[in-house]
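Asker: Letter by letter, the chains look like this.
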Amino acid sequence: MAFSCSDSTDSNENVIDNFDRKIILENVTDNIILPAFNDFNPRVAQLKESIDQFSISPTLPNLETVQELWFESYKSWQHLEMFNIAKAEELYFLQKMNTYPASVSRIENNINTNIYDLESNNNNWSAQGFPALDYLLFGLADTNFDTLIFYQNNENLAYLNYLKAVVSQMLQITNMVHQDWILIRDIFVSSSENSATSSLNMLTNDFIYYFEKGLRTNKFGIPAGVFSGNNTRPANVEAYYNSTISKILSLEALGAVEDFFSGKSYNTASTGESLKSYINYMTDNTTLSSTIQMKFSDSKQLINSLDDNFSNQIATDNDSMIDVFNKLQEGVVLLKTDMLSVLSISVDYIDADGD
Amino acid sequence: MKDSTANYFNKHTSAAPLAVFRMFFGFLMLISIIRFWSKGWIHSLYIEPIFHFSYYGFESVKPLGLYTYALFIICAISSFFVAIGYKYRLSVLIFFLSFTYIELMDKTTYLNHYYFVSVVSFIMLFVPCNAMFSYDAISAQKSYKTVPKWTVDTLKLMLGIVYFYAGVTKINSDWLLNAMPLKLWLKSKYDLPFIGQTLMQQEWFHFFMSWGGMFYDISIPFLLLFRKTRSFAFVLVVAFHITTRILFPIGMFPYIMILSTIIFFDAKVHHKILHFTIKILEFFKMKTNNVKLSLSQVNHYKVWGTSRLIIVVFMTLQIIIPLRSLLYPGELFWNEQGYRFSWRVMLMEKKGSSIFKIVNSEADSFFYVNNDDFLTPVQQKQMSFQPDMILEYGQYLGDYFKSQGHENVAVFVESYVSLNGRLSQQFIDPSANLMELKDSFKHKFWIKPLNDEIKGF
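Going line by line, the protein sequences match chains A and B. Per the working numbering, the very first residue in the first sequence carries number 14; after that it's consecutive. Per the working numbering, the very first residue in the second sequence carries number 200; after that it's consecutive.
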């Protein structure tokens with residue numbers, strides 16, 4: 014068996030004679046998923062420590078440290094949201110970490126009553142995770158100084174406690190999902206068959222689902238109002254209370270999509286086997302895979318031209334948001350039809366009969 | 200000519216092949232229904248969806264809520280009665296009606312082999328499969344040794360039509376010259392032991408399977424018909440269907456075809472099967488004296504003349520219906536006009552992506568529909584590349600949003616499809632307001648033509 018050594022991301026790759034899906038799974042697991050968790054998990058732990066520190070000594074530098082660590086973890090999170098598999102799926106990891114917009118009334122209610130269940134109550138998905146922290150760190154007052162004063166006020170102790178509860182929950186489920194990935198790694202990479210429940214099919218389906226819903230719909234479509242009859246929803250952008258970072262987060266997410274597709278390792282430049290090389294193998298050429306990558310880079314270009322703050326962008330020039338949505342939709346078409354066709358991967362989890 | 204026709208219809212043959220066919224068919228249907236139920240498909244395909252795709256003219260046939268389970272129970276019981284030949288005519292009628300009703304409830308699940316079951320059970324209504332070795336014959340103490348030859352031949356002809364058309368429709372440039380879609384499907388069987396990484400990846404093997412499949416389908420009815428080649432043909436049938444069972448998710452179909460083709464063998468083989476069945480019954484300590492006695496009776500079964508007429512008309516239709524696609528312009532695989540009910544099996548790897556845009560035609564405002572809100576993943580997958588389903592769903596959406604108080608509703612679809620490894624292209628005219636279209640048997644002008652030509656059938 015010969016495997017292509019594709020250490021560049023552009024064309025000119027050899028089309029290989031044979032293909033081993035297990036190598037894709039190993040590359041994705043060992044060089045993308047696990048390193049991303051290795052990066053993300055300590056960041057959340059640090060975030061929790063910083064919040065604990067802030068609760069002991071609520072100072073401006075401590076608040077800023079919390080905010081900075083929140084931002085860094087949120088960026089890192091963008092690389093994990095697409096892997097809604099195994100423990101993550103079971104625990105509703107991504108729903109608990111990043112359901113936005115945050116529900117202010119729910120959060121306030123939880124704080125006021127001090128009775129809440131972040132673990133098993135689905136209604137609390139929008140009252141925890143990064144969006145809840147977004148509200149608690151940036152949404153309670155207009156300036157950091159006023160936020161600080163808010164938390165220094167003993168009457169608002171319940172807010173501080175809720176902040177701690179949210180980050181504890183985030184760390185706890187992150188630990189669980191991370192540990193599970195380490196545990197199931199060997200089983201996961203050896204499930205290389207082509208069935209509805211095999212690893213590659215689940216990864217591919219999750220990847221497409223994320224691209225369509227997580228990226229196209231949630232980050233662009235819904236705020237731009239394409240699902241609500243031109244009624245824009247600027248409050249639905251990711252990280253609304255600190256929306257200067259909404260563009261950075263979306264670029265990070267698109268980067269994660271590009272890396273997964275091309276098999277690029279997390280935080281290093283090397284690439285390995287991936288959906289891209291599998292497509293090249295199945296089609297005997299690089300036309301389809303480069304067409305897909307072109308859509309990714311076109312989308313990136315359009316996003317780069319947007320305002321850092323998507324709420325502002327929507328208010329001033331929503332058409333440019335819709336342009337990004339449309340470009341991403343072109344990517345959805347290629348992934349859902351062309352890619353799934355040539356990879357012969359079923360789009361659903363149901364093993365229905367064919368004939 | 201007239202004499203020889205009359206002569207043919209007066210010929211008699213052993214009733215044993217019909218008895219064996221009936222038993223196998225009944226039990227396989229029973230197993231199929233139990234399997235379908237146990238996989239949870241009654242719920243996921245018929246109970247869970249809020250919208251169902253109808254066949255043209257059968258819009259009123261819908262799942263019955265929880266009573267759908269009762270329908271499957273009726274279907275299962277009747278298939279068991281068919282198997283044992285209990286009140287055969289009534290049982291096979293109930294089976295035909297309940298099974299066909301189930302298939303008509305939602306177009307999403309259309310499969311050629313379900314259609315085959317409906318067609319065969321319709322034929323069985325007019326063929327005395329209970330003449331021998333049935334509860335009916337034994338309890339009435341009147342068992343028939345022979346039946347009119349044409350009754351057995353009809354079932355053989357039906358099987359022949361299925362194979363022959365399945366073969367003829369493989370004569371096209373995608374299948375024969377590009378080994379598509381088998382190339383994609385076989386290559387993706389990477390994980391099969393021994394052959395997955397070797398044979399399945401070889402280009403010559405993809406072509407061998409394509410051409411072999413075509414020749415197999417076309418020739419097998421003839422090879423089964425002649426005594427000299429029959430045993431060889433049956434070995435081929437078993438090998439072919441087992442192969443397809445390993446390679447593709449095709450459920451019970453291979454077993455149905457394997458056991459059905461036994462009907463081509465002569466009476467001796469069928470008597471052996473019947474005697475073997477008696478042994479099985481005796482193993483379970485059942486009294487078989489009456490059964491054995493019934494086999495020695497020598498009555499000749501006469502068939503109601505109208506049955507003969509109905510069968511002649513029906514079989515003529517079976518020969519004509521698969522050819523109706525010739526009446527439509529454009530690329531058949533792309534437009535799918537006259538594609539169903541034609542024994543076109545495994546010819547396409549087709550996937551689509553269709554998103555619907557609800558437009559207020561007066562106010563220049565629009566929104567996209569989230570298909571997850573209305574369709575299950577299986578329905579979305581099937582709808583995305585089939586024009587009639589796109590239209591039906593689009594109109595459903597239009598009516599739904601009208602009922603929600605939206606005004607001046609126009610529905611457009613942004614639909615892209617890829618066919619047999621070609622790059623995707625736009626499928627439906629994006630400027631066609633689906634609310635203004637009507638489904639019919641006429642050519643669907645609102646499908647954008649495929650930018651390529653597939654030669655052949």
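In case anyone wonders, no lab produced these hints; they're calculated from the structure. It cannot be assumed that every hint is accurate.
Just so you have them, the derived chain B footprint on chain A, three or more residues with Cβ under 8 Å [claimed, not checked]:
hint	stretch
1	197 to 209
2	240 to 248
3	352 to 358
Part of the chain A face toward chain B, derived, beta carbon under 8 Å [to be verified]:
hint	residue
4	F32
5	I36
6	L301
7	L347
8	K349
Here a beta-carbon is modelled for each residue, glycine too, at the ideal position from N, C-alpha and C.
Asker: Look at each hint and say if it fits the structure.
Answerer: Structure-based check of each hint:
no.	hint	verdict
1	197 to 209	holds (count 3)
2	240 to 248	holds (count 4)
3	352 to 358	holds (count 6)
4	F32	holds, 7 Å
5	I36	violated, 11 Å
6	L301	holds, 7 Å
7	L347	holds, 7 Å
8	K349	holds, 4 Å
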